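In case you want the letters, here they are:
Protein chains: 4
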Amino acid sequence: MSSQQKNEFSEKLMISADGQLKASQKIPQIARPFVSEKALKYLDIVEKFVEEECIPADAVFSQQIGDSVKQRFSGHPAIIEDLKKRARELGLWNMFLPRNHFKEGAGFSNLEYGLMAEYLGKSRTASEATNCAAPDTGNMEVLAKYGTQAQKDKWLKPLLEGHIRSAFLMTEPDVASSDATNITLDITREGNEYVLNGSKWWSSGAGDPRCQIYITMGKTDKNNPSPYKQQSVVLVPADTPGITIHRMLGVFGYDDAPHGHGHIFFKNVRVPLDHMVLGEGRGFEIIQGRLGPGRIHHAMRSIGAAEKALELFVARLNDPRKKAFGKLLNEHGVMIERIAKSRVEIDSARLSVLNAAITIDTKDAKFALKEIAEAKILVPTMALKVIDRAIQAYGGAGVSQDTPLANMYAQGRTMRIVDGPDEVHLLQLGRNENKRGKFLLDRLAWQRKKSEEMAAKHGMQLRDVLQLDRVMSEKSKL
Amino acid sequence: MSSQQKNEFSEKLMISADGQLKASQKIPQIARPFVSEKALKYLDIVEKFVEEECIPADAVFSQQIGDSVKQRFSGHPAIIEDLKKRARELGLWNMFLPRNHFKEGAGFSNLEYGLMAEYLGKSRTASEATNCAAPDTGNMEVLAKYGTQAQKDKWLKPLLEGHIRSAFLMTEPDVASSDATNITLDITREGNEYVLNGSKWWSSGAGDPRCQIYITMGKTDKNNPSPYKQQSVVLVPADTPGITIHRMLGVFGYDDAPHGHGHIFFKNVRVPLDHMVLGEGRGFEIIQGRLGPGRIHHAMRSIGAAEKALELFVARLNDPRKKAFGKLLNEHGVMIERIAKSRVEIDSARLSVLNAAITIDTKDAKFALKEIAEAKILVPTMALKVIDRAIQAYGGAGVSQDTPLANMYAQGRTMRIVDGPDEVHLLQLGRNENKRGKFLLDRLAWQRKKSEEMAAKHGMQLRDVLQLDRVMSEKSKL
Amino acid sequence: MSSQQKNEFSEKLMISADGQLKASQKIPQIARPFVSEKALKYLDIVEKFVEEECIPADAVFSQQIGDSVKQRFSGHPAIIEDLKKRARELGLWNMFLPRNHFKEGAGFSNLEYGLMAEYLGKSRTASEATNCAAPDTGNMEVLAKYGTQAQKDKWLKPLLEGHIRSAFLMTEPDVASSDATNITLDITREGNEYVLNGSKWWSSGAGDPRCQIYITMGKTDKNNPSPYKQQSVVLVPADTPGITIHRMLGVFGYDDAPHGHGHIFFKNVRVPLDHMVLGEGRGFEIIQGRLGPGRIHHAMRSIGAAEKALELFVARLNDPRKKAFGKLLNEHGVMIERIAKSRVEIDSARLSVLNAAITIDTKDAKFALKEIAEAKILVPTMALKVIDRAIQAYGGAGVSQDTPLANMYAQGRTMRIVDGPDEVHLLQLGRNENKRGKFLLDRLAWQRKKSEEMAAKHGMQLRDVLQLDRVMSEKSKL
Amino acid sequence: MSSQQKNEFSEKLMISADGQLKASQKIPQIARPFVSEKALKYLDIVEKFVEEECIPADAVFSQQIGDSVKQRFSGHPAIIEDLKKRARELGLWNMFLPRNHFKEGAGFSNLEYGLMAEYLGKSRTASEATNCAAPDTGNMEVLAKYGTQAQKDKWLKPLLEGHIRSAFLMTEPDVASSDATNITLDITREGNEYVLNGSKWWSSGAGDPRCQIYITMGKTDKNNPSPYKQQSVVLVPADTPGITIHRMLGVFGYDDAPHGHGHIFFKNVRVPLDHMVLGEGRGFEIIQGRLGPGRIHHAMRSIGAAEKALELFVARLNDPRKKAFGKLLNEHGVMIERIAKSRVEIDSARLSVLNAAITIDTKDAKFALKEIAEAKILVPTMALKVIDRAIQAYGGAGVSQDTPLANMYAQGRTMRIVDGPDEVHLLQLGRNENKRGKFLLDRLAWQRKKSEEMAAKHGMQLRDVLQLDRVMSEKSKL
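Residue numbers (UniProt numbering), protein chains in the order written: chain A, 1 to 478; chain B, 1 to 478; chain C, 1 to 478; chain D, 1 to 478.
Everything labelled a hint here was simulated from the structure, so no lab data went into it. All figures in this text were calculated on a predicted structure; none of them were measured in a lab. Please note that the accuracy of each hint is not assured.
Just so you know, same-sequence chains aren't split out, so a pair can sit in one copy or run between any two.
[Said to hold, decoys possible] Below are the EDC-like pairs computed for lysine to aspartate or glutamate, each with C-alpha atoms no more than 20 Å apart in a straight line: (1) K70 x D255; (2) K457 x D82; (3) K435 x E337; (4) K450 x D364; (5) K26 x D364; (6) K22 x E51; (7) K366 x E104; (8) K341 x D422; (9) K438 x E337; (10) K450 x E337; (11) K84 x D44; (12) K85 x D58; (13) K327 x D174; (14) K48 x D82; (15) K267 x D179; (16) K385 x D422; (17) K363 x D388; (18) K38 x E104; (19) K385 x E337; (20) K327 x E337; (21) K341 x D388; (22) K449 x E52; (23) K222 x E172; (24) K84 x E453; (25) K438 x E331; (26) K22 x E47.
Excised from the complex, chain A in its bound form:
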């Protein structure tokens, strides 16, 4: 077979594999009806911005953070402000706020922003550069949705401008936080103040000197008979007396500075009554509303990380210096198969997230719980597999600072834990599926009876018997 013929034949498969296809051209056919012309245009701008400005800035950012612990959590890498300026010029700002619920955002749907978030996930700096970084995104949603005008003026406005940052304080060190009813931080009303006592950890973003507001969940009514009415959410300025950042937590060996993950002590921390969000006992309601879109954002950024890992993997296979046993790595079938599996797994997981985003857009997050849970379960495990394969192809470079892979793996690993560990989501999904049990048993029994009637009409008596049917039909004799 001549090489020309070979090309003709395989050309057909090339379509979306061509590196030069733009982001807007790679949207899965099934999702296209949901994407506006405007979003198509901005999606390509996002891709260009990420590839041409953010990814190159990542290395500069890493180095500007510095070496000593003190330095890393007190400075602010200058490059990030360059990027923010550029992003605003390009119109890439606050794209995460869905147009059907918020007037403050850039006017995209959850699906459209989801498509963009994939590209943001390829770079360490891109989300912050476009003011789309967690946990600010969820916090801005909370403030926009539930905040009083005064609360909005004071905190939402500077957040929307990217002038300050924020943290969401929910997780606690000494309880099983996967079950949010377990939280214990005490919020007691004393006169015209709330007094907070307790501790929080995994307070992400609390390390950044620009983080000025802690949106804090605690219990105002721990004896309320409903376990979902005991919690409240209070706005606590970061510099309120009584707050100590006890220490910063690592993720594997990374400190994620300057952002960071704080372990924070509250000792008689006092805030005015008007710092309560929505009202006492409505904390659960607030976190419920906050979680859906945030999980989609996380998931789409993870898809982006997986795509980035796959790109690095493919590049490695074609690196002319890395011949092993006389062959370039791309001649090793084992490697090619891993590339292919990664492609299949990424594409399939992406569809799951896009479907969840569309369900949120179409029917609201509370009717998309199954779809969100599925994406939440599926994506991190997929991303870890893809990233791990790339690490293996890089060998020593893969676990070191010379590629972003090890860091992406560490981030990805936390995704199986944050916003509820896999097990909790699986348990809920499974129990829900299990509710079909009675219906299914009844239907099987009905089908069995019909089957016997059909057999009788053909002059036969059935010999083998579906286990379940027998159980049911015997039961019905009782």
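Got chain A sorted already, so can you dock chains B, C and D onto it with the hints?
This is chains B, C and D only, laid out in the frame that chain A set:
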């Protein structure tokens, strides 16, 4: 927490888990824009027909086939004609022929039929009952697309009516058939006849006494310099002298009677010249066109099989007689987690198939090769996992004839082999993905250079260096 | 590198890969101290007998069974008697009976027989040929260990001679049999007889016309407060009035004739009082004693099946006719990697079984429960993986009757179910491991305290705190 | 069932699960014949030392290293000297040097030390405390085996005393180091000196200020026709002019200070001719001899890490504060199953390593290549699985510095890369296994012929044909 409160909270997750939701209500949100009102209506009719008539008929069908080998491959279970009659009454006939290419079908798109095929896949008899059974479906497409009027009158018409059945003879026992250029059956022109010599196996459907036509691929020009121009497809009546069904092949221990899988010998089998399809040397073109939609059909039926297995699994967990260690199986968290994983995996795989179907509908199968390959790779492995979990929950009943599970597993296992084994599709996908190598290396080098410029602007020199970038930048110094 | 040099370098790896090494030379170094000279000699004879006589006989055996259901369960393939005669000549008879407990056997330890059983597992006929086939092996152990002299004379003697066969009737269709306390077959004493009523299934071996004795477990005392004292084991001649073989069960479409798996009804089946084994209420004791070595036998035969599958896999890769995409399969790295993984997994699983066998030999089965459970869990999943890879390499031939692979897969799949499904063994192992919980928590707390003392001695106070330690030390403050 | 009865029944499973069993009592039965009385005694001392002194010291060690990069790679945690002093008192020193090859060690076999290494692997400090830390262990073996008396006096003696540390410089950044023939560091003889130019990375241990000697592999004869004769090993004092530690590499964010992993530049580094080890061109021979036991040490330490992770997992499940959804984690079956799987996988992998160690002891490392490769492939993947499960059970604490789990994961991940990535070992094992191809094909053909003879003797002709046999028998007709 009162039980009432518990319900309120988890109710939200119930939406699509309620057994009473109809098929049309369960379509993933992302696929809805592609489904017509008519298709929604017929989809619900399909579901009803399958659940209320076909599944009950399955047990009757199995028993009517009989016991001895001879009996099993010579009769025709009467129940199937009952079902066909009923299906035609309901308007469920030839739904597989896509409306944008064929006027002969029921007027649905590939996506719409795909949604229906899922339900057909839950029953052993449903596909044949609606005249949507492989390999007739693909064979009818070939005849409709490439046949002469005479060929259509003779073979397509009775196939469309469900009066006869057909087989597609491609695979051969003594070559690596995953590479179709390897086939060897000889087709030599002698006067006004073609003479065929060789052997074929896995000729599915050849066991049925109603199978009257073999669409046969062989080589008319084995010395053609293009390995894709050597093959031709010829129509061979099943009763042509020189044809022997040497034996029937089993799948695990199943003979799949009366359909079956033949091992067939051709010894000087003669057919007139007008039995050639499309023209000599155009065999590859024909099979290329045949494969895309067929893979989608297989995949969607496998999704249906997986859903059926999951239903049986859930039913088992709720079987009041099956208490192990003092608990119903549905109280065992391990089982609940498997249910949940199955739900996630099925739903995600379905989206992959639906996206492929939509890509075929929108852009044609030849632009959907990647999407088809992904679904082809993803679905069988998923289905096997789900079915295997259900088997394990049933124990002895799961491997026996008392559930359809073991049979579904055996069928599912062949799906990793037919139409090209997983490895071939992975190899093609992987090689295709690998073509991005040069582009990605260039982009990484460009990003590296930009990174250095950015650092310089900030008065820094970069310390750590992306492995690949270094290689490339050092190379550029040469 | 010259080809000569290449060989020198890789020669070192060849040692146990050389096809000509004998069985006795392939015993893992770690197991050698436990194997006598006599066993080494007989192990090689077993291998030779299996490879040169039994494997060639397998195809003849399959064909001699016949085609119709009736024929398959009424005849006795003549070839099996040829093999039995030859086996006795070679001294290969009843090797399974361990020398330290039984005088009736060939004088080997459980380990030594285990090594032999691996080779028996490579052929369908070898176990019966050497009178080492389940369930006769376990049944003979029961009779030898617990039988009266009269029981031994009547049943053990002809079993040891291979003149009759036997079945063990424990599993029941309508309860969760994985929990043996659930069985319900009623045994009521009436005068000088026991009267049995109920049903059993998966009565393996009951299909063989030579099967003359059913060792049957039922309940004589269902109200006994101890759930382990309610059961008794009774010897029931197969031709006792009131017994009906309702039907034979399939395993993935295989009927396993003539052996088979019976679904049997007992209706007022009467046996004399002296047919009780060991005494009323001692059924649990009997099955406990029966299970350990039997699981080792199953596991070692599965190891042999996996080795056979791997041999077929390797052979396929070197089949000169099976070139795919211009290369022999053995040039495809993906295939080579699967070969290697299979080798690693088989060898590791074998060590687990051998260790369990040695633990039984050294300390008795009741002190080897953990080791037996580990082998029971590990081996079937391993074997299925290896066999499945081989099936995939064979494609269509792999799922059909043209290789033993699909049948081996079906057999292997039941191994995850029989003698307790994986889940039950995992649950027991896990609960047992979990008993270390308190000890481990206490030790962690102790280590934490010691850690603080050490830090104090160095003038430091510890900053980070092991989660668990903190919990414990805080608890200790209470 | 009364709780008493329950205990009686499950007691049997408790044997090795009881936390109080000593190390010597937990040795798998199969390995016992290989362990001397002395080793049993010292094994228990090792366990006690690790649990009571090293593990408590780990937290102190971590904190003594300090915070800033400079500090971390220039100091020497004082606690380590406390431990070393104590270890020597206990006679726990240099246990790694096998008695059959070296007189300098503590007189144990590879197996015996392997059993001890498992316990050392549970603590971060234990290996160094007993002078059994890599890479010193392999380096001491090299010097003891191949060094001149002068080399031994200068370097081996202080290493054996624990006064200095060492590094082995093989891996290079710009080649595929998994293939050692690719290394490029140039060693040119000039007069009475060797001059070294090039770079090395992953020079583990080079960060420690006490590291005084680099055992360095390079090429003295890059044009030698044998790719295995081009390399030499030279002793290079760490303070030789021309050496720069360019930077230290991270492993998932960990710097592994003070040990560390150096990226080192060599620019005209000069050493006297007598610093050559064994002779020019003998570098391959040296690394071959070095790798076997080292892989066993790594593997057994990884087993220990996995056991430690499992202990932490079990402890977590019993932590009274961590109730999720109303249950202690140990009541969640999903968790119990993971505990059980971990137990099975650890125990099986350990047997594989022990068998490899025994094979080295009995037959020498060069006859144990297969066994070593199997352990090398099996253990890291197993350990990562076990550790990852524990991480998931701990949630946030699992990825942070509050447990050793994340660090153990990072270390474990490198084990799939160092000393050759998994893929290289699988490729070698697979190719080796594949050499049986011709033998197996021939045997299958022979068996097929025998099968036909047997059939003929029974008056039959075989119908179904083993695929491979047919190929072979047809070939034989040619």
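- Message: Of the numbered hints stated earlier in the document, which are not met by this structure?
- Response: Violated hints (numbers, rising): 4, 7, 10, 15, 17; every other hint is consistent with the structure.
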